[in-house]
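Participant: Below are the chains, spelled out letter by letter.
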Amino acid sequence: MTQSERTREGQRLTGVSRDQRATRKGGGGEAAGDNSTLGMKVGNLAAFYGSFKAVTDVSMDIQANKVTALIGPSGCGKSTYIRCLNRMHEVIPGARAEGSVTLGDQDIYAKGSDPVVIRRRIGMVFQKPNPFSKSIYENVAWGARINGFKGDMDDLVERSLRQAALWEEVKDRLKESGFSLSGGQQQRLCIARTLAVEPEVILMDEPASALDPVSTQKIEDTMAELKKSYTVVIVTHNMQQAARISDYTGFFYIVNMGDPGRLWEFDETEKIFSNPERKETEDYVTGRFG
Amino acid sequence: MPRESFQQELDNLTSDVLGVGREVGVSLENMGRAMETGAEELAARELGVDVRYKARGAELDRDSMILQARQAPVAGDLRLLYTVQAVTNHLVRSGALSEHICHALAETAGAERDEDLEAALVEMARTARNIFNEGLDIFENRDIDRARDLQAKDDKVDLLYSEAMNLIANPSDSGAGAPEWRMRAALMVHYLERIADHGVDIGGSTVFLVTGQRIEDAMRQYIERDVNRDEE
Numbered sequence: 005m006t007q008s009e010r011t012r013e014g015q016r017l018t019g020v021s022r023d024q025r026a027t028r029k030g031g032g033g034e035a036a037g038d039n040s041t042l043g044m045k046v047g048n049l050a051a052f053y054g055s056f057k058a059v060t061d062v063s064m065d066i067q068a069n070k071v072t073a074l075i076g077p078s079g080c081g082k083s084t085y086i087r088c089l090n091r092m093h094e095v096i097p098g099a100r101a102e103g104s105v106t107l108g109d110q111d112i113y114a115k116g117s118d119p120v121v122i123r124r125r126i127g128m129v130f131q132k133p134n135p136f137s138k139s140i141y142e143n144v145a146w147g148a149r150i151n152g153f154k155g156d157m158d159d160l161v162e163r164s165l166r167q168a169a170l171w172e173e174v175k176d177r178l179k180e181s182g183f184s185l186s187g188g189q190q191q192r193l194c195i196a197r198t199l200a201v202e203p204e205v206i207l208m209d210e211p212a213s214a215l216d217p218v219s220t221q222k223i224e225d226t227m228a229e230l231k232k233s234y235t236v237v238i239v240t241h242n243m244q245q246a247a248r249i250s251d252y253t254g255f256f257y258i259v260n261m262g263d264p265g266r267l268w269e270f271d272e273t274e275k276i277f278s279n280p281e282r283k284e285t286e287d288y289v290t291g292r293f294g
Numbered sequence: 026m027p028r029e030s031f032q033q034e035l036d037n038l039t040s041d042v043l044g045v046g047r048e049v050g051v052s053l054e055n056m057g058r059a060m061e062t063g064a065e066e067l068a069a070r071e072l073g074v075d076v077r078y079k080a081r082g083a084e085l086d087r088d089s090m091i092l093q094a095r096q097a098p099v100a101g102d103l104r105l106l107y108t109v110q111a112v113t114n115h116l117v118r119s120g121a122l123s124e125h126i127c128h129a130l131a132e133t134a135g136a137e138r139d140e141d142l143e144a145a146l147v148e149m150a151r152t153a154r155n156i157f158n159e160g161l162d163i164f165e166n167r168d169i170d171r172a173r174d175l176q177a178k179d180d181k182v183d184l185l186y187s188e189a190m191n192l193i194a195n196p197s198d199s200g201a202g203a204p205e206w207r208m209r210a211a212l213m214v215h216y217l218e219r220i221a222d223h224g225v226d227i228g229g230s231t232v233f234l235v236t237g238q239r240i241e242d243a244m245r246q247y248i249e250r251d252v253n254r255d256e257e
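From first to last, the protein sequence lines stand for chains A and B.
Going left to right, the first sequence walks through residues 5 to 294 as our numbering numbers them.
Going left to right, the second sequence walks through residues 26 to 257 as our numbering numbers them.
It is possible that some hints are incorrect.
Stated by the list, open to error - Residues of chain B clear of chain A, computed beta-carbon distances all greater than 10 Å:
#1 Asp41
#2 Gly44
#3 Glu84
#4 Val99
#5 Leu103
#6 Lys178
#7 Lys181
#8 Gly200
Claimed, not checked - Listed next, with one range per pair, are the computed distances between beta-carbon atoms:
#9 A:Gly262 to B:Gln176: 44 to 54 Å
#10 A:Gln244 to B:Gly63: 32 to 42 Å
#11 B:Arg95 to A:Lys138: 37 to 47 Å
#12 A:His241 to B:Arg167: 49 to 59 Å
Derived by calculation from the structure, the hints in this document are not laboratory data.
These numbers were taken from a predicted model, which means no experiment stands behind them.
The C-beta atom is built at its ideal place from N, Cα and C for all residues, glycine as well.
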């Protein structure tokens, strides 16, 4: 698929053109309180590594303009699951997913869907900050440029850095290397890089686990702003972080070693952290196991 | 077990709350006996317990706050700490009210009494003490089925309250008792009604601890369910 075809595919998938999206998200980095962001719907999802079933039977409505946190003990399939949400799981040789995942009304696993377009519409921020070996400016601009962005690049870079709450700290050093930033700043740079390609959904896999408390707080504050314009899904091992920042929480659990991970309980965050339905959830969030 | 020391701290805190509760229970027992037998010296011995209970309550509040700050409790642990603080407040208030009653008894020792009103007071004291002890027992054993029954038992206290107030407002021509005693009796009626309410609230707090639901919400659901059933 050519670049222009991918752009058209992206517009078809979301029903919104890049220009429209740039307009509705506003200039100058102000979160626009967008209510038209798309949510996702997951039905009976299973994920495999070769013949090993790592995740099974996950169904979940991911609400638009909300933060959904995924928690659970190590090895229960949270990261595998979140990677299925933008087709990154299949990048691993032998890995595949079954079931349905829709963004709005569009099945992202439908025949003909381009994974590259999907990954632009559903961006991912990883555990470890991974800026490119480029300037701060180019880290943000690069993704948009290769996706055919024709607008005002300076404006896009500033808007993305503002949304990632990094602009004020880097506006006078945009030509410096991304590696010159602190760990927390690098992670926010990666968030800005993700935002620059105008995704609908932002997936975050333990985005603050390698950061100090101050940087973590900035990332959390950023997420509170981002959800006004985007749908956010975050994997975290930090229970209090999930309680602080998310609107919905999904608890993943493995019944027996070697079994696939399952979505054990999914509810509003305040319910999960005050009065969960299932004993295993209670035991996990109160630190009785895991 | 993970968080073993935290669990131990929660257990110790709960045990300390129950310890204060039992002490308040003894105070209520002494108050009731002093009222029933006119034992002025027994009532006088209870004077000063209020300060002790308030100090213990402050210690429990502090311990609870420290645990919240250090352990960031959620779910059942959070509900337990919330409930411990609520129950502690009920215990301290009950102890203070018991002392107020003993104060009134000691100061009106030897004053002429209205026998009917005194009988109502004694019955109220006995019932309030039972409700308080039962509330504490519900908390200790997480026996929430009894919490709703406790509310029904409180109705008896409310009836005795009305009866006593009626006797205070409409004294009989003979044996109305000394004015000073009647005035104190009105206060004692009010204090006893409050002690019973604290016992009921301890039971209600236990419902929240176990289920995460307010007992008022649970009762409303129960009532609405019955109404719907009747409509069918």
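Participant: Are all C-beta atoms of chain A more than 10 Å from that of lysine 178 of chain B?
Facilitator: Lysine 178 of chain B clear of chain A: closest Cβ-Cβ about 27 Å, beyond 10 Å.
Participant: Over 10 Å to the closest beta carbon of chain A is the bar; see if glycine 44 of chain B clears it.
Facilitator: At roughly 25 Å from the nearest Cβ of chain A, glycine 44 of chain B sits farther out than 10 Å, so the non-interface label holds.
Participant: Please verify that the nearest CB of chain A lies beyond 10 Å from valine 99 of chain B's CB.
Facilitator: violated, 4 Å
Participant: Honestly, do histidine 241 of chain A and arginine 167 of chain B meet the 49 to 59 Å range at C-beta?
Facilitator: For histidine 241 of chain A and arginine 167 of chain B the Cβ distance comes to about 31 Å; the hint is violated.
Participant: Is it true that glycine 262 of chain A and glutamine 176 of chain B lie within 44 to 54 Å of each other by Cβ?
Facilitator: holds, 50 Å
Participant: Is 37 to 47 Å respected by the C-beta to C-beta distance linking arginine 95 of chain B and lysine 138 of chain A?
Facilitator: Since arginine 95 of chain B and lysine 138 of chain A have Cβ atoms about 44 Å apart, the given range 37 to 47 Å holds.
Participant: Please check whether the beta-carbon of glycine 200 of chain B is more than 10 Å away from every beta-carbon in chain A.
Facilitator: Fine: 55 Å to the nearest Cβ keeps glycine 200 of chain B off the interface.
Participant: Confirm or reject: glutamate 84 of chain B is not an interface residue toward chain A, with every Cβ-Cβ distance exceeding 10 Å.
Facilitator: holds, 24 Å
Participant: Confirm or reject: leucine 103 of chain B is not an interface residue toward chain A, with every Cβ-Cβ distance exceeding 10 Å.
Facilitator: violated, 7 Å
Participant: Does the Cβ distance between glutamine 244 of chain A and glycine 63 of chain B fall inside 32 to 42 Å?
Facilitator: violated, 58 Å
Participant: Should the label of lysine 181 of chain B as a non-interface residue stand, given a Cβ cut-off of 10 Å to chain A?
Facilitator: It holds; lysine 181 of chain B is separated from chain A by about 33 Å at its closest Cβ, greater than 10 Å.
Participant: Since aspartate 41 of chain B was said not to touch the interface, does its Cβ keep a gap of more than 10 Å from each Cβ of chain A?
Facilitator: Non-interface label stands for aspartate 41 of chain B: nearest chain A Cβ at 21 Å, farther than 10 Å.
Of the numbered hints given earlier, the model fails hints 4, 5, 10 and 12; all others are met.
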